[in-house]
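What follows is each chain in one-letter form.
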Amino acid sequence: MGDIQEDKTDGKSWYRRGMRDGIPIGLGYFAVSFTLGIAAKKAGLSALQASVMSAAMLASAGQFAAINMIVSGAGFIEMVMTQIVVNLRYLLMSSALSQKVRRDKPFLHRFLMSYGVTDEVFGISVAVRGKLHPAYMYGAVTTAAPGWVLGTFFGAVVGMILPPRVMSALNVALYGMFLAVVIPPSRKSRIIAGVVVVSMAASTAFAMLPGLKEIPSGFQMMILTILVAGGAAALFPMKEEA
Amino acid sequence: MEKNIWLSLLVMAGTLYGVRALPLTLLRKEIKSPFIRSFLYYVPYVSLSVMTFPAILSATGSFYSALAGFAAAVVLAWVDGNLFRVSLGGCVAVFVVELLMEVVH
Chain A
1 MGDIQEDKTD GKSWYRRGMR DGIPIGLGYF AVSFTLGIAA KKAGLSALQA
51 SVMSAAMLAS AGQFAAINMI VSGAGFIEMV MTQIVVNLRY LLMSSALSQK
101 VRRDKPFLHR FLMSYGVTDE VFGISVAVRG KLHPAYMYGA VTTAAPGWVL
151 GTFFGAVVGM ILPPRVMSAL NVALYGMFLA VVIPPSRKSR IIAGVVVVSM
201 AASTAFAMLP GLKEIPSGFQ MMILTILVAG GAAALFPMKE EA
Chain B
1001 MEKNIWLSLL VMAGTLYGVR ALPLTLLRKE IKSPFIRSFL YYVPYVSLSV
1051 MTFPAILSAT GSFYSALAGF AAAVVLAWVD GNLFRVSLGG CVAVFVVELL
1101 MEVVH
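Top to bottom, those sequences are chains A and B. All residue numbers for the first sequence refer to the numbering used here, where the first residue is 1 and numbers rise by one. All residue numbers for the second sequence refer to the numbering used here, where the first residue is 1001 and numbers rise by one.
Not one of these hints is a red herring.
Taking CB as the label site, the calculated pair distances span:
#1 B/K1032 <-> A/N68: 37 to 45 Å
#2 B/V1075 <-> A/S72: 40 to 48 Å
#3 B/V1096 <-> A/K105: 39 to 47 Å
#4 A/I161 <-> B/K1029: 44 to 52 Å
#5 B/I1031 <-> A/L227: 18 to 26 Å
Source of the hints: derived by calculation from the structure; they are not laboratory data. For each residue, glycine too, the CB sits at the ideal point set by N, CA and C.
Build the full structure now, drawing on both the sequences and the hints.
What follows is the structure, encoded as structure tokens:
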């Protein structure tokens, strides 16, 4: 299965590649995290607390849930349970990464990489050809995370500083990245193209149908991923070579 | 209250980190089951697609600009595939369409 492929490129160049690919993520994060900063401030958190939260969590849904629970004075048990449910999708992403990461690197890397498992950094990391060098993820986090933290900080301190039209445009940046990950392989494989189309259709159904749309979005994603990826795995088992 | 916020943040960030770190550190061996391997292989395509659509259509100031951004990103991803250019192209399309809509009004 080509487990230990000859990889001539060293950690430094992987790190640089990661930094480059992390730039659009950072820009998108900057736009998205403003609202987080504003919400945190409304909830009574200081700008420092909001920024530290963003640096420590790097998670949009998880942080909004966190802010809500701080406001409502939730107990620690509820905080733990809610964070697990809201972020359950990271279990799947982290599992996928566990198989993608190079096995010849020290185990410690896996602890460090875990910090960077966000939707976006995960997206570009699994899209790397062949096995994943941990340095790639570190590079991506280096350019992406500051956008998240700074956006939160500015949101908490001054509210919206960018004109609405610029914010509006930047909001699409992260989705653009996801498309840049899923579309090119769809060109080469009809199965992947089918999986992408079915996923989008199913998620549209979940967003519109009564009963389904009430399910929290993090949970929806989890259910859909298990159903569609499970179905695809049963119908089209992967050829053993990748 | 002040201390409580910091403690809450610590608890929640710790939980979140645990969710992220558990599979990466526990699944050290290569998984042999063809089904699970295939499942994990499809996970990114499904999860990223599900997150993108239809959410992208309500991400901007108007449905039309969002549609333009989506279309531009799909076309660019198809012909080019470069992360940065696809992402930027989507943003530019949204910006231009919203600018045009403002001029027309």
